[in-house]
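Residue numbers (full-length UniProt numbering): 1 to 650.
The reader is advised that the hints may include incorrect statements.
[What the hints assert, rightly or not] As a list, the in silico BS3-like pairs of lysine-lysine whose alpha-carbon atoms are at most 27 angstroms apart:
#1 441 with 461
#2 461 with 33
#3 380 with 392
#4 380 with 45
#5 208 with 137
#6 169 with 208
#7 449 with 461
#8 380 with 334
#9 208 with 155
#10 208 with 245
[Said to hold, decoys possible] Pairwise CB distance ranges (calculated):
#11 433 with 287: 22 to 32 angstroms
#12 212 with 126: 20 to 30 angstroms
#13 148 with 414: 54 to 64 angstroms
Think of the hints as simulated: they come from the structure by calculation, not from any bench. In this text, a Cβ means the ideal position worked out from N, Cα and C, and glycines have one as well.
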Amino acid sequence: MQLGDGRAHEFSQEETMRFDEINKDDDPNALTKFRISKALRDTLKEKGIESLFPIQAMTFNTILDGSDLVGRARTGQGKTLAFMLPILESLTDGPAKASRRTGYGRAPGVLVLLPTRELATQVFSDFEIYGGSLGLKCCCLYGGSPYQPQQIQLKRGVDIVVGTPGRIKDHIDRGTIDLSALKFRVLDEADEMLRMGFVEDVELILGKVEDATRVQTLLFSATLPEWVKHYSGCQIAAKFLKRDKKTTDLVGNEKMKASTNVRHIVLPCSSSARSQIIPDVIRCYSSGGRTIIFTETKDSASTLAGLLPGAHALHGDIQQATREVTLSSFRSGKFSTLVATNVAARGLDIDDVQLIIQCEPPRDVEAYIHRSGRTGRAGKTGIAVMLYDPRKSNFSKIERESGVKFEHMSAPQPEDIAKVAGAEAAETIAQISDRVIPVFKAAAEELVKSSVLSPVELLSKALAKIAVSLLLKVILKSRVDHFSLQWKAMLPFSLSADGPFTHLQYDMLTCLLLHEASMIGSIDDGSVRLVHNIFLPEEKVESIRGLSLTADGKGAVFDVASEDLDHFIAEKSFRGKPRSGEIVATIARTRAGKRRGKIRRWRAWWWWFLGEKRWEVVRWERRERGISRSEERQILERWRWWWWRKRSWK
């Protein structure tokens, strides 16, 4: 630090810590400024939380003092902790401590209602972490899971119940849950619960309290339209919240209701081109983070997840256990792309979600706000890209009512992808240890001396080499209406006309691999030149795009229009002359190699004893191997024929 007389002064570690404490004291939302116990404060610090968000700071004392509350804030601003922290403090050191029941078989004192199983699981996890540090027991009740473990937990006694309205109502009907001792009842994402048709269930559950005057009711949401307040004459807020309730609204009448930390982009794209454009959008905008893609239907989510490499689907038709594993794997980084319906649009807090893609404009503004709010959370920034069909979609209503100013962008071009590849390659170089420099320093100095290029130009070529796998895709993907793919040889493979093609990984639709002994080609400055032989009809030459030679110079990979595919495969001669080369492989989203055969032989003996389970296996294979629905039908037909033949042999 520079002192007044110009001298430099180095602070000791103790002095630095003292200055940090002073800065924390200047923060009005610091944890020490609130009535938070040391045990809970230590747990928050372990999670990296040193101060409260505005919605948390503005509602903490109100809830802890016993008032009913309606809270509203933009997505990603910490609404869950806003009601969780004062509730936990009230149960352990606050007003509710004296009347809280303890011991075996105690009835819960807190009930939290949420619209979806995923959101209930997430909120339960937070209660388990923070409540567990205070000695409180929690349980999570949602559909799709067995009743018996839930009944055992309730019988032993819990302090906090988190769940969905449907399953909690079932427990009420079974007489396995007692809500007479409630001190807090919370409706999180209240508008979504009522929109999903839980009005009667919510009324029944909230009405099970014996003395409503002794219960604190909290209602939180990012959007709270008028129709929620007066839904079907129900008037949840007026019926179950006290007249002296408090309201904390951080959105108010502001036009901008979506998160201010998110960059909003619209991109024109027809429905048929989504599978080609979305991978490029992910490459350009995800910055290596996680991506969530929202679709309107369950079928489209499953189909799109099957087309994207490493992607997994999440929707209501998937079994609950599988959904939990999928979400857990997505959170832990085992895969980076999640294709979901609205089941993931509400409240889910997943770290490092950098990109949100919506395949088409949603039906209402609230859906867009919640979907785009899955990124840019907890003060971080993010990007939300919405695809739209210029002939059908009209997103002006979303822009007008949400106050979002959309950036109009076109589909990522090869130059854009190349720039991203260069940036990733540069980051890779920066991560390499300095200990390798002496090994390559002599070669680098010799290269600089002998080359007429500048060091910057040489480094540019090195970056291009590092990013070669991506640049191959850039060369191939020339037009949206042409099919192309990216492949990488994991092991050596044969290019002979009769040799098998094995160990290929790729992520697009169709590619023709040509073998021609007399083919002559060269690579010059990144462009590929090929002397077309007579086997290519002149009228079809113009349809070829992205022509690239194989490594041995005897094969080529290129793109053709879908309508010309059959012609290239079927044509045996041109102008009466036989072709000097032939098509040896047509690859269409199947993972070639021995693994495919093993899967089929392994499942053969038990395949027809699975009943409806066989469809789950086919869907799993379609997702893992990236096969199309037509290929899925072919697989089923082959096995039906095999079973019929087996019976006829008997």
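*Sort out whether residue 334 lies within 27 angstroms of residue 380, counting only the CA atoms.*
holds, 22 angstroms
*asked:* residue 449 and residue 461 were given as a pair; does the straight-line alpha-carbon distance stay at or below 27 angstroms?
replied: Roughly 16 angstroms between the alpha carbons, so the hint for residue 449 and residue 461 holds.
*Within a Cα-Cα threshold of 27 angstroms, do residue 208 and residue 137 meet the stated pairing?*
OK: residue 208 and residue 137 at ~22 angstroms, within 27 angstroms.
*Would you check the hint for residue 441 and residue 461, treating anything up to 27 angstroms between C-alpha atoms as holding?*
Cα-Cα ~17 angstroms, so holds.
*Within 27 angstroms, alpha carbon to alpha carbon, are residue 169 and residue 208?*
holds, 10 angstroms
*Is residue 461 within 27 angstroms of residue 33, Cα to Cα?*
violated, 56 angstroms
*Pairwise hint evaluation, residue 45 against residue 380, where the allowed Cα distance is 27 angstroms at most*: Between residue 380 and residue 45 the Cα gap is close to 19 angstroms, so the pair holds against 27 angstroms.
*If you draw a straight line from the CA of residue 208 to the CA of residue 245, is it 27 angstroms or shorter?*
Holds, at about 20 angstroms.
*Sort out whether residue 155 lies within 27 angstroms of residue 208, counting only the CA atoms.*
holds, 18 angstroms
*Using the Cβ atoms, figure out if residue 212 sits within 20 to 30 angstroms of residue 126.*
holds, 27 angstroms
*With 54 to 64 angstroms as the target window, see if residue 148 and residue 414 comply at their CB atoms.*
holds, 57 angstroms
*When you take the CB atoms of residue 433 and residue 287, is the distance between them in 22 to 32 angstroms?*
About 24 angstroms separates the Cβ atoms of residue 433 and residue 287, which means 22 to 32 angstroms holds.
This entry does not satisfy hints 2 and 3, going by the numbered hints stated previously.
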